[in-house]
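Undergrad: The lines below spell out each chain.
There are 4 protein chains.
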Amino acid sequence: MTQRGTLGVAVIGTGKMGADHVRRLHGVTGGARVAAVVDIDEARAEKIANAIEGCTAYTDPSAAMAADGVDAVLIASPGPAHEAALLTALEYDLPVLCEKPLTPDAASALRVMDAELKLGRRRIQVGFMRRYDTEYVKLKSLLGNGYLGRPLMLHNRHRNAAAPTGFTSANLINDSVVHEVDATRWLLGQEITAVTVLRPTSSENAPEGLDDPQFVIFETDGGALVDVEIFVNCGFGYQVQAEVVCERGTARIGEGHAMVTNMAGRWGGTIAQDFTERFEDAYDREVQAWVDATRRGEVTGPSTWDGYAAAAVCEAGVRSQTEGGRVAVQLVERPALYG
Amino acid sequence: MTQRGTLGVAVIGTGKMGADHVRRLHGVTGGARVAAVVDIDEARAEKIANAIEGCTAYTDPSAAMAADGVDAVLIASPGPAHEAALLTALEYDLPVLCEKPLTPDAASALRVMDAELKLGRRRIQVGFMRRYDTEYVKLKSLLGNGYLGRPLMLHNRHRNAAAPTGFTSANLINDSVVHEVDATRWLLGQEITAVTVLRPTSSENAPEGLDDPQFVIFETDGGALVDVEIFVNCGFGYQVQAEVVCERGTARIGEGHAMVTNMAGRWGGTIAQDFTERFEDAYDREVQAWVDATRRGEVTGPSTWDGYAAAAVCEAGVRSQTEGGRVAVQLVERPALYG
Amino acid sequence: MTQRGTLGVAVIGTGKMGADHVRRLHGVTGGARVAAVVDIDEARAEKIANAIEGCTAYTDPSAAMAADGVDAVLIASPGPAHEAALLTALEYDLPVLCEKPLTPDAASALRVMDAELKLGRRRIQVGFMRRYDTEYVKLKSLLGNGYLGRPLMLHNRHRNAAAPTGFTSANLINDSVVHEVDATRWLLGQEITAVTVLRPTSSENAPEGLDDPQFVIFETDGGALVDVEIFVNCGFGYQVQAEVVCERGTARIGEGHAMVTNMAGRWGGTIAQDFTERFEDAYDREVQAWVDATRRGEVTGPSTWDGYAAAAVCEAGVRSQTEGGRVAVQLVERPALYG
Amino acid sequence: MTQRGTLGVAVIGTGKMGADHVRRLHGVTGGARVAAVVDIDEARAEKIANAIEGCTAYTDPSAAMAADGVDAVLIASPGPAHEAALLTALEYDLPVLCEKPLTPDAASALRVMDAELKLGRRRIQVGFMRRYDTEYVKLKSLLGNGYLGRPLMLHNRHRNAAAPTGFTSANLINDSVVHEVDATRWLLGQEITAVTVLRPTSSENAPEGLDDPQFVIFETDGGALVDVEIFVNCGFGYQVQAEVVCERGTARIGEGHAMVTNMAGRWGGTIAQDFTERFEDAYDREVQAWVDATRRGEVTGPSTWDGYAAAAVCEAGVRSQTEGGRVAVQLVERPALYG
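Going down the list, the sequences are from chains A, B, C and D.
Taken in order, the first sequence gives residues 1 to 339; the numbers are from UniProt numbering.
Taken in order, the second sequence gives residues 1 to 339; the numbers are from UniProt numbering.
Taken in order, the third sequence gives residues 1 to 339; the numbers are from UniProt numbering.
Taken in order, the fourth sequence gives residues 1 to 339; the numbers are from UniProt numbering.
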């Protein structure tokens, strides 16, 4: 495969995210094509494959990865299925874009990391797509130029109009706050060393058994203090905001103030209702960046280490939820491959 | 003194705040006049008195309060002098506007409260002037109409360009965060039950011995969670912001976005450089409201109870700073007079 | 009358604006008192006078101005009554704050100007209160410091929720756009030399006989181009905005973005519903500034010349409405007194 | 060519815009490939072709269009070369995306329209890419839902940091304001019937011979009044804003307030410095939409009629600049094909 060839991608999992990535690779991303789709639901996989020229349906990820014309793998199956698919892809030495989480816990993430270390080169990119959002990229760039001085605090707001049915307190950390875990590590370039979860009184709109909102505090090895308001039944929309407080100034993103109206005694605008509306462009850029890097023979973006570190922080967060108080985060030593 | 008479005010203390209140009562406030000024620096008091028709200078607060034509007292002396002046004013049964803090600690605040309870009627208003700021008033009003549902969280930012020389960690609670203490109690209508102070790495602009910024967390008896970023050497200006997160929405004040410019590759505006610029109107409204209520024979605004509660919360905050961890706030039972 | 005496004011006219100024002078403004009120409706005047210590009711402006204890005059009667009241005040050599318009047309304004010129000193301040609005003051100050370079264009929006019954196209110029006439002259420091009024299709909410909105263009003797959207039945609120476009940048005021809420899929805030809400502080500052200057023995603020120039521009605007096209503005030579 | 085949595109012209479109089609757009590039500079065309698998270089547009594997044409050559290329593409019955302007004047645009009418089906899409900008799309959508009522006025700001050397008053209409011409027609769904160009005093930063800024007024056949501030040497950045004023409210786009910083006494953010920064996403969407429609066998987007109407309005604008006053726009009757 050379820079100029079109990248044949096998998409593992054709649920909501997987189907969306198929649509993206087929109709939005330049330089790639969907060569294979994999789902345990054979009919679903075939229906998708049939609509795309040169695309074959599989139920077995391994068979798809072995197929001719498959140059790379995009994993969008449920989290518990990631480890097996990742290990197989590493056996085939194929580049992978793996939707978050890398794996559901730190131990399994370590096993994947071991396999990649044994292979000796980076093959895996984890789908923390906020790193590809225009506003986050601007914020990262501003922090990088040093104009504001060192970052001291990071305030985050993460609000969903309503959580899916059955969403638990653990989901609130593992599926929602995990984005702030990665954003914190990436923006600040620091590891998270402790997590504390606090709970105000719960909204009457929170389903029985879920405390919502919650307030999460991270400490980092660079001495920064990070707070996250996570409120998954806020009712009014989907809103992700971040403000970094530095020694000489602050910077804030996520206002979403594109169009301003005056109507009926009020000025203002609309709030996005879900993440596809807010982050659609970030997904497009993420997949395009992965395709471009892969065609150049490179691996960029969030690494297996990032996936592992996020899993370890989330484990600590869930423990703070259940046991109360501050929970320290323990990480293995960072391998040179992810230096 | 009837509704229609002009209120003769004795101003105790003619330092920065006291002199400003003299200017305000003399030239800005309707319905009042400065009848007496008091300062241990006799020359300073006389210089001010001489410039105002019908104003006499004193060095002894008690003499000023006994003077003919003095209908009310404004205390703007240093905090440690407040208790004596307040007790004297209560003896003379005079209405008082007392600059914050009521007194420097909870024990002395309780003594003042006891004296007012013995008198049997409210005489004292404490100078928490944020309650008179247009934006805070709007926020309070919005919370009151119930449209947003119950408040669950309150995020505060309190930033000064630079702290005065000698400003300590205790000042940071007692002189800065004390405003958020009162704003929290007033906006939410709840008492603060515990305080936790966290410290990120300190800015290189913080003077030796002062950890700055700090991050303060309040818990309330209504189950709300309140956080305060206090950063008194932020460098860029004076900025006070608050966002209340409720069950059905949020509301934020303090952006200060009156004038927007486009210049040299940037859009935006200026940030106030100190509290007199940001809160000048609030001071004007506070004093006018006090004069108006006093002329009607009423006492409104923050009470001795509010001054005491703030002192108790600040004591807990300073203990959290020095001892670490969460410190519970203990309040005496609330007397019916302040119900 | 010295700097330190209280200013005794006679208020002529006790309709909506007059009564509001009585309230302001009595209870908000420092250094002044209402010494007399005048209205052709004797009962109304007496009712107001009786509620204020030391205030006498009159039906004849001249009698009030001659009364003991009257140091200054505030004229808030209907426009057609202004000329007579102003000429009487000049005879008594009393300082005057005259609500806009100075007089209803340029010819009568010239007669008042002649009388003041004969007296030989400024006595009259015209009530163009936007000059006292905090945001306009900031804009003026920014233009004055030269940082943005010369002003080239000024875009204005002037929107009312709904016009009063019977509001005509001429009112739209004389009562609404007149504020932009003065704001233009004051902000730019230039005279208006021509007016063109354009008319888009009218809103279905415009009453029969009124074209609304209209679009007004001023040319100035400094070569600036000024446009005014005037829309007095916009439905959504009262909104006054201005953007000056200069050689090196622009500056905009009037967004009114004090409190931002998130609710029900929308972010934003409320729009003021009328001018008392938007400009209450400006009125307070205007009257306070007039009282302060008068006590110092000075006359500041918009002059008789400003009242005359506004009348001349409005006359040209009404002609452009009725005859179409561009109408040049003719001004007499500016007397040195107003230099 | 079916929905599922990859679209082979011949790109005519490989200057700044052409080279950018080659990059886009090759690496960003899904479902398309660059099959041919054409430039009179043979070396330049070959250099580009050599870097892309399956791409051939030509100097003759006709030869490229006749080549095997060329399914569609993107014209990015200078305006005067458009007519010939368009007529050739119509002869080959190929779908075309033609960068604006369609042709440099109304007469040549009419000749292209005649050829397309003779062919009997739409083949040409004109590159008015603002129709693909997220904010303009939101504004169009809001106007379409009728919630704001009929549009009455449209205020536009179009500012460039600095114009290219040699930019003339005619360029200012034909190359800059032409975007507002199309945006007006598209947003309002109305034809422009008259143009008036006004000139304030010129900025000292305007090059000799160019009056800058200028103020352009459109009237439409629906009675709307449209104003455009065009300021191509504003110095501070690239800024495109629009506010539609309707019967029940207004809507404004173009603030560009993604990231807000606090620094050194100022809040605010950065302004884009050129159109590639501001409208890069719009170009991506435009080309993707063209590729998608073409693969479905459809032609969408701005038509030859839109290109012709814009040319006619611009001709009137340039006449108003040179002759002064209001110039009526004359259009031929709209053919049913563009109904």
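I should point out that these hints are in silico values taken from the structure, not numbers from a laboratory.
Be aware that a few hints might be false.
One copy or any two copies: either way a pair holds, since identical chains are not told apart in the list.
[Claimed, not checked] Calculated cross-link-like contacts (lysine to any residue; reagent style SDA-like; alpha-carbon spacing at most 20 Å):
{"hint": "1", "residue 1": "138", "residue 2": "260"}
{"hint": "2", "residue 1": "138", "residue 2": "62"}
{"hint": "3", "residue 1": "16", "residue 2": "282"}
{"hint": "4", "residue 1": "140", "residue 2": "189"}
{"hint": "5", "residue 1": "138", "residue 2": "255"}
{"hint": "6", "residue 1": "140", "residue 2": "277"}
{"hint": "7", "residue 1": "47", "residue 2": "23"}
{"hint": "8", "residue 1": "16", "residue 2": "206"}
{"hint": "9", "residue 1": "140", "residue 2": "272"}
{"hint": "10", "residue 1": "47", "residue 2": "266"}
{"hint": "11", "residue 1": "140", "residue 2": "266"}
{"hint": "12", "residue 1": "47", "residue 2": "241"}
{"hint": "13", "residue 1": "138", "residue 2": "111"}
{"hint": "14", "residue 1": "138", "residue 2": "327"}
{"hint": "15", "residue 1": "138", "residue 2": "219"}
{"hint": "16", "residue 1": "47", "residue 2": "5"}
{"hint": "17", "residue 1": "138", "residue 2": "202"}
{"hint": "18", "residue 1": "16", "residue 2": "78"}
{"hint": "19", "residue 1": "118", "residue 2": "283"}
{"hint": "20", "residue 1": "118", "residue 2": "87"}
{"hint": "21", "residue 1": "138", "residue 2": "273"}
{"hint": "22", "residue 1": "47", "residue 2": "297"}
{"hint": "23", "residue 1": "138", "residue 2": "94"}
{"hint": "24", "residue 1": "138", "residue 2": "297"}
{"hint": "25", "residue 1": "138", "residue 2": "93"}
{"hint": "26", "residue 1": "118", "residue 2": "15"}
{"hint": "27", "residue 1": "47", "residue 2": "281"}
{"hint": "28", "residue 1": "47", "residue 2": "15"}
{"hint": "29", "residue 1": "138", "residue 2": "258"}
Undergrad: Return the numbers of the hints above that this structure violates; sort them in rising order.
TA: 2, 8, 10, 12, 13, 14, 15, 17, 19, 22, 23, 24, 25, 26 and 27
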